[in-house]
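Chemist: Quick note, the sequences are listed as chains A and B, same order. Numbering-wise (this note's numbering), the first sequence opens with residue 1 and increments by one. Numbering-wise (this note's numbering), the second sequence opens with residue 1 and increments by one.
It cannot be assumed that every hint is accurate.
Stated by the list, open to error - Footprint (simulated), chain B over chain A, 3 or more residues, beta carbon under 8 Å:
#, stretch
1, 7 to 14
2, 34 to 44
3, 69 to 81
4, 128 to 137
5, 238 to 249
6, 257 to 268
7, 384 to 395
To be verified - 30 Å max Cα-Cα, derived BS3-like pairs, lysine-lysine:
#, chain 1, residue 1, chain 2, residue 2
8, B, Lys5, A, Lys6
9, A, Lys5, B, Lys5
10, A, Lys53, A, Lys225
11, B, Lys265, A, Lys28
12, B, Lys265, A, Lys6
13, A, Lys265, B, Lys28
14, A, Lys6, B, Lys168
15, A, Lys5, B, Lys187
16, B, Lys28, B, Lys159
17, A, Lys322, A, Lys307
18, B, Lys322, B, Lys349
19, B, Lys28, B, Lys187
20, A, Lys202, A, Lys307
21, A, Lys265, A, Lys28
Note that these hints are calculated values from the structure, not bench results. Each residue gets a CB set at the ideal place from its N, CA and C atoms; glycine is no exception.
What follows is each chain in one-letter form.
There are 2 protein chains.
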Amino acid sequence: MTVAKKITSSITNSSMIRKMFEEGARRKAEFGEENVYDFSLGNPNLEPPVRFKEVLRELVNDPAAGRHAYMPNAGYQETRQAVADYLSRNNRAEFSAGDIVMTVGAGGALNVIFKTLLDPGDEVIIPSPYFVEYNFYLENHQGIPRIVSTANDFSLDLKAIEGAVCDKTKAVLINSPNNPTGKVYAKEELLGLGRLLEKSRKRLGRTIYLISDEPYRKIVYDGIKTPSIFDIYSESIMATSFSKDLSLPGERIGYAAVNPDISEKDIVTAGMILSNRILGFVNAPALMQRAIPFLLDANVDISLYQKNRDMLCEALASFGYKFVKPQGAFYLFPETPIKDDVEFVSALKEENILTVPGSSFGCPGHIRIAYCTTESVIEGSLPGFERAMKKAQGTGRRAQGKATTGFCGQDAERHL
Amino acid sequence: MTVAKKITSSITNSSMIRKMFEEGARRKAEFGEENVYDFSLGNPNLEPPVRFKEVLRELVNDPAAGRHAYMPNAGYQETRQAVADYLSRNNRAEFSAGDIVMTVGAGGALNVIFKTLLDPGDEVIIPSPYFVEYNFYLENHQGIPRIVSTANDFSLDLKAIEGAVCDKTKAVLINSPNNPTGKVYAKEELLGLGRLLEKSRKRLGRTIYLISDEPYRKIVYDGIKTPSIFDIYSESIMATSFSKDLSLPGERIGYAAVNPDISEKDIVTAGMILSNRILGFVNAPALMQRAIPFLLDANVDISLYQKNRDMLCEALASFGYKFVKPQGAFYLFPETPIKDDVEFVSALKEENILTVPGSSFGCPGHIRIAYCTTESVIEGSLPGFERAMKKAQGTGRRAQGKATTGFCGQDAERHL
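Isolated chain A, as found in the complex (with noise of 0.2 Å):
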């Protein structure tokens, strides 16, 4: 063996969801591909906005020079500037655009923050469930994850917080609408966290960082809007990316943007650009940063996801399924009706329907499904899931939600 020892243990505990890919192909070849319900990727089915694939026509038509070279790590100026603008609109602060940069993607930013702020053996507290990627984000910086429960409506448990506040602790990162259970952060609940993360600066005489990875900011229901940490505390980050409300997460494009109030922020934000270069990204790509301007308020036809949430959320409760209702992002977080959510991954799996066990969000005892689907493969699935359910009962083997484990809120299996 001559790779390295981490990267080989790390394909070893992310085989599992490739199993269950081949596994998923295999049943699309044998069963036909309208037949196998595919819940287990957040990737949009719906297309971009029609305004996106006009002004892309516009810019590829536009004979000015040098629209595709190098430009500064944090991108366009013009690009920041808009974005800025946008977040002044949407914030009580006023960005400017050196508060701003053009990232590859959300994924991009969060690695771009961490090199930024990370030194090694630095803990971030993460509640859970959680995305299961950001525990190889922290590593790639040699930074530790430190994972926190949720109550049991997936709100923040600030005492938990508080409680694993430490010397070690760096920064909170939260994601908001959340992937996996679509929980939204009240603006209540996030005031709090503010206020304790006030509070322990004060105590440890350093800042604590908050981060807010957003990418689902503008999927949410019911007239809901995602509140602005920005408004709530100053030493924050933000992490986010046109790929859900866009539909165009293949293109990676996103940004970071620091709250205007941070501390230090001329280090801060030196920090992100140089990161954004040393990294490999050196820049977001020049192209999707330029349609950028003419897209901060565009979104794709939320309205489809939300009958998606609504119908399935109807069906599965009538077969007996336990949940909490998801306010936001493409995602469904039931629990399982057997303790062991793998064993009832692969009961679903039997009825050809692909989910996500909750154990690789730290969460065990409960499955994801991603709704960002068509409405045939819900209204096909839907007697899956219910005859799954009716054996898992038959068993007679309890339901075994998150209050009753308390398994949610232990470090996420590697699976994703």
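Given the coordinates of chain A, work out where chain B should sit on it, guided by the hints.
Modeler: What follows is chain B alone, placed relative to chain A:
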């Protein structure tokens, strides 16, 4: 101070080039854009080939669904296959799609390769002068650069490389055509390197990889062809991009290709694909990936760079500058007429000529001139180059070339 200690020191160390940029911008504002001769950056001035715009236009009008969605982390199967076919046509080896990982430029490819191969403390041997960014890329993955000198004509010093091989050696990293020297390693040199690595491999009982960074592969002059690493050593991986040969560095599209005969290929490629995902790249930008199959045989008009090279070489030689004539890339790396290259860069700046000191490439006593610029910039700069040489000669401080000083081969100052 609350950001990471390492990023803070990196910001400080990389501030020199930022000062040069600021100084350049100030001079452009004061003297007029056309009176400042900027040779500081390897940002190609040629426009992408006409075919690129045609292809983009066709792709943007493609009505098919899912064109901007996630695809496998390694990239589109069609794109990987097209790259594999291209490599098979241009090498003795037969490549398959599985040997290719599409990446966010060559910078992305190198980080993916290092993440896959390096355990903390592993050493990578790099012949100097070398692209300073390699230091940062290695540091990202806790690798250690082991810098070795090259011969007077910048060809490989195999004895120096052999002397640097130790228990910690994981790879040798070469870059041909070379930044900053324009050197193209001859097939004979590479065969010698292959034999050396094969011998070391047998002696140490484990693989030493050959990593070749080849973004300038197609930018070669006087009928030279860049020899293939795949034909000389089985344990080889190429990192490359379309940034220079298609003039689209801002779009961040490149790839890594493993030798079809590499040992433990499944693990190496699985590690690279996983690294592409977990470093936050996720995948190379979708639209550019779809363009690549139509552009593999396209190239910018190299004859324009060759004309620049010839004009510059002829003039600088007549002024008394000493240099090895570049065979590829678009850099000239002359000796400085005074020992202190940073001082000579300042002297050129007084002539409104912007260059980069050789010490930024591990090779003091030289400057790098990036001639991927217009003929008029070169013409306009010549009187300044002549005056700076005359002034330096007037000081009586003799030229201190590479051979005399023996400076070349030290760790590059992280100015760039």
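Chemist: Each hint: holds or not?
Modeler: To see whether the hints hold, each was checked on the structure:
1. 7 to 14: holds (count 5)
2. 34 to 44: holds (count 3)
3. 69 to 81: Check passed, 3 qualifying residues.
4. 128 to 137: n = 3 at 8 Å, threshold three: holds.
5. 238 to 249: holds (count 3)
6. 257 to 268: Held - the stretch 257 to 268 of chain A has 4 residues with a Cβ nearer than 8 Å to chain B, which meets the minimum of three.
7. 384 to 395: violated (count 0)
8. Lys5(B) x Lys6(A): holds, 24 Å
9. Lys5(A) x Lys5(B): With a Cα-Cα distance of about 26 Å, the restraint between lysine 5(A) and lysine 5(B) holds, given a limit of 30 Å.
10. Lys53(A) x Lys225(A): holds, 27 Å
11. Lys265(B) x Lys28(A): Holds, because 28 Å separates the two Cα atoms, which is no more than 30 Å.
12. Lys265(B) x Lys6(A): holds, 17 Å
13. Lys265(A) x Lys28(B): This hinted pair holds, its Cα atoms lying about 28 Å apart.
14. Lys6(A) x Lys168(B): Given that 30 Å is the threshold and the Cα spacing comes to 16 Å, the pair holds.
15. Lys5(A) x Lys187(B): Outside the cut-off at roughly 34 Å; violated.
16. Lys28(B) x Lys159(B): violated, 46 Å
17. Lys322(A) x Lys307(A): Judged against 30 Å, a Cα distance of about 19 Å means the pair holds.
18. Lys322(B) x Lys349(B): holds, 20 Å
19. Lys28(B) x Lys187(B): violated, 43 Å
20. Lys202(A) x Lys307(A): violated, 46 Å
21. Lys265(A) x Lys28(A): violated, 51 Å
Checked against the numbered hints listed earlier, the structure breaks hints 7, 15, 16, 19, 20, 21; every other hint is satisfied.
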